[in-house]
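Chain by chain, the residues run as shown.
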Amino acid sequence: MGSKHRIQITVNQEEYDLLVHPDRTLLDLLRYDLGLTGTKEGCDEGDCGACTVIVNGKVVTSCLILAVEVDGAAITTIEGLHQGDELHPIQQAFVDSGAVQCGFCTPGMILTTKALLDEIPDPSEEDIKHYLEGNLCRCTGYTKILDAVNIAIQQLK
Amino acid sequence: MDNYSIVGKRIPHRDAVEKAKGSAVFTSDIKLNGTLHGKILRSPVPHAQIRNIDISKAQKLKGVKAIITSKDTPQIKFSISPTWADKSILVDKKVRYIGDEIAAVAAVDEEFAEEALELIEVDWEELPAVFDPLEAMQPGAPLLHDAVENNISKTMTMECGSVEEGFAEADLIFEDTFQTQAQSHCSLETHCCIATCSPTDDVKIWVNSQAPHPLRQKLSAALNIDAAKIHVATPFIGGGFGSKIDLEPAQAICVLLAKKTGKPVKIEHSRKEQFMTTRMRHPTISKLKFGVKRDGTIVAKRAEVVIDNGAYNSHGPAVMAYNNVMFSTLYRVKNIKYEGQLVYTNKNWGGACRGYGDPQATFAQEVMMDMIAEGLKMDPIDLRLKNANIPNEITANAVKITSCGLKECLTQAREASGWIAKKAGKKKYRGLGVAAMIYTGGGSIGSGFNYSGATMQMNADGTFHLLMGAVDIGQGSNTILTQMAAEIMAVEPEAISLTTADTDTTFPCMGTFGSRVTFCAGNAVTEAANGLKQQLLENAAEMLEANPDDLEMKAKKIFVKGSPDKAVSYAEIGAASFYKKKKPLVAHGYYNGPEDVSAEFDPATYRGYPAPAMVFGTHLAEVEVDPATGKVEVLNFTAAHDLGRAINPLLVEGQIEGGAVQGIGWSLMEDLQFENGEIVNPNFHDYKMLTIKDIPRITSLLIETIDPNGPFGAKGIGECAMVPTAPAIVNAIYDAVGVRIKELPATSEKIFKGLKDK
Ligand code: FES
Ligand code: FES
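Which chain is which? The protein sequence lines are A and B, in order.
With the first sequence counted from 1, adding 85 to any position gets you my numbering.
With the second sequence counted from 1, adding 38 to any position gets you my numbering.
With the rest of the complex left out, here is chain A:
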């Protein structure tokens, strides 16, 4: 296991000073050490996107990255998107479009959409599909997720 490492990270604008095992994944750190269970584990193998978070503006599958690798980084999880009761427009668009069924893929989908729209505010359908390709959803058939992304684009303009 080896001795613990000290890391400093910012999660949802809150600063943390932590001692972590070198083999602790970012996913487990978020879920079990920080109690941010909105980040989901669907495979632990980098294949489903349920564990997606944003690290320094880029989407990352947190099951594949070690906590020690994000030392110094700014991280956004699903819990960091809404302001109190007020949902972020992307969250609201997912709710209104019926894009949330079981909701297990939802945090990852929303964060990937956020990273996409931060980078490309007016994406083409191809851009959207390219970005969201790594996020699996078994419930919705993706149709209403596409609707949600398109509504969010309009809302954020």
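Simulated from the structure, these hints should not be mistaken for lab results.
Each statement offered as a hint is correct.
Heads up, simulated BS3-like pairs for lysine-lysine below, C-alpha to C-alpha not over 27 Å straight-line:
{"id": "1", "chain 1": "B", "residue 1": "K726", "chain 2": "A", "residue 2": "K214"}
{"id": "2", "chain 1": "A", "residue 1": "K214", "chain 2": "B", "residue 2": "K669"}
{"id": "3", "chain 1": "A", "residue 1": "K89", "chain 2": "B", "residue 2": "K69"}
{"id": "4", "chain 1": "A", "residue 1": "K214", "chain 2": "B", "residue 2": "K731"}
{"id": "5", "chain 1": "B", "residue 1": "K731", "chain 2": "A", "residue 2": "K242"}
Knowing the structure of chain A, use the given hints to seat chain B with the ligands on it.
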């Protein structure tokens, strides 16, 4: 048209906000102090006799709190029905598939638990194994279960009329064989449970179950614990698709470990375990023979089906019954014969998987229908219309049909898809295919049970609380059932709070499967709400000194029709009931039907299948095939479903879109592959499901036939949405390039080979 204000509205899922915020608590998110981690030692070989299990080394490992083997388990077997029970929680003498449970460990963390598993020494004698159901049926094949001859777990033969006479009467005979492959449910959340056991042996388990009340019964039976001492609670559930209905050995193991250690124990399947052990869709081989008249009338049909059961029964016999019923009941045919054989093999066991044997039957029958249409030079939609089921009819196999919109599904799908124009102006490599379906729209009382209960009460402040056994696994039952109650109470759905699927507080519900929740739980909820409404009116009548029949409910007030200024508010009625009359208002609803089960219902043949309503549908696909690679692109997809009434069109569309995409996946690429009993693609990298890149434009057509017995006329939809997808796609491929796929999935390789061989 009925004038409803809440029913029929596009209202988002009531828990979507919590889920979008990441605050919805799923089983794995629950954290109890001192929780131990449970892990299961699974068989790495497909068939072996266990001589000895030595846990002594593992026991010495610091951090290990308990190890259990079959010695610690009551040797009681289970399946979904006690009559087919063949699976032990932890195997005693023999393992029968790669993944079979041998022993389990509870340790302070996952690492210790895993290390302990490695230290358990199992001494076995490997046995010859059999993986192909046709080989397994041969004399001399290795036997999985000693008492089961030729590995045939169950057979089912149903005949009505005489197929021999029917075939003799026919102008043309069509015969062919169709095969379907194993599919995995792939709910994004794997199986997970957390169990506690008090010093007085009271058990609580938080678990992602599609059927919490039956789970309590099954845990009770398998572990010899009084059911009243078991409390099953369901947090949010990340999808199921059939995988979370049956008792999962991990759940019983979790309880045993909690009992042994006195600590909370958590067991969570890895994705690989999920693929290895959670009951695949049964692969089938269906040999069909159809006799038809030149005008398209089907005079006789026969199916001989071999179903690959895998190592244990679970749902197998019931899946065979549904395979029979759905094959036999679709279309008006007088002479029908079904012969099914359910065969054990040394593989992952089959189970419930969206459609429950129906997608397999529908694939065979509906590709056959396409071949018949071609043989008769008839339009495939016309052929189906000619033989389509009609409302208010008892079928040849004694199934009662109430509402039926099959013809409307076919004609409206034809219209919406542009079928006629596209057929006339057919483009090279493009094709259209159609398929029809039938399924239950409200479960069935074939097992003797089809129950759902609900209680509704008025709070002292005039708001409402609804308690129901039904469990929402993402499909949206909490939303639509509350809509029904809100419509009756004349309030917004937000005025009703909910407690659901908790065995200590809600009336039982058989579970979320069989497309039964809208219908069965809907009937329970509407009964409870109507009962409460009556009490409300009676109380208001007393307070207003009026006749209850003259009253109107509006904006949380009750008044005599025409005199809204003299009203009592819900809040006043609530307060009076608690503090003055000391009789809080509460009403119950309980469904267990249908009650008018045909005398012809025969559990041995499933003739007279007793469902409260049947649903119908049509899928119509437009594809383009790349002749250089055989790759199929689904361009447009039309799905028409007779669902009685759409309580919430937004959610219904969600069911249809999700089902169609799951169906397209099964048609083209999803295939759980085995090599010598080992699954070679137990991950999302190698087991391909559709991504957002692969989806076509989907048009959902909601055909409202208003069922006489459904709540607000509604019937189920959940499973139906993927039943006719595969044959629609495969028929479209044939239309596009003339390659007839009879074995799913329709991979590019198969199509490319078909093109080359032409
Ligand atoms: S859990 Fe990380 S990609 Fe699936
Ligand atoms: S909503 Fe269930 S996996 Fe996407």
